[in-house]
Amino acid sequence: MYLNRQRLVLMVLFMALVGLATSSSISEEIFSVGAAASIMELQEEGTQNATFQGKNCPVDFSKKNYTIITSQCQPTNSNATLCCSSFKAFACPIAAQINDVQNNDCAKTMFKNIHSHGSYQPGFFRKMCKESKQGLSCQNKTFH
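So the sequence shown is residues -23 to -1, 1 to 121, counted in mature numbering (1 follows the signal peptide of the UniProt record, and there is no 0).
Hints listed in this document are in silico derivations from the structure and should not be mistaken for laboratory results. Each statement offered as a hint is correct.
Okay, derived cross-link-like pairs now, DSBU-like style, lysine-lysine, Cα gap no bigger than 35 Å in a straight line:
id, residue 1, residue 2
1, 41, 110
2, 110, 40
3, 104, 41
4, 40, 104
5, 107, 40
Could you put the whole structure together from the sequences, leaning on the hints where they help?
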């Protein structure tokens, strides 16, 4: 009985650590998914400045404020520091959802909406924002 409780406690702690680890960064994998959200797809599905909602995505992208990115990051005259910090400010609070590319299309939907609102080229943030092979760190940041 004691051994089962100990295993249960260890399993719960492990799951909690896994949960913390998954939301502490923005996975490099989302940029591959986002690259599929090309301008051509946007034009096929609707006009520029439309808001797209993904399937199986718990994030309501129609209620997101894209000006956090578009006001600081201009597609034609871009500053990597401003663009990446504004992208992280937008994406880090929903990192767990957008990193779950196996179970939802939040990353693709997010990039479609970012491209639609800011007219960024596909792969814009992937090329500009590089931190590590794991992706972009969301640790030690305060995002609103």
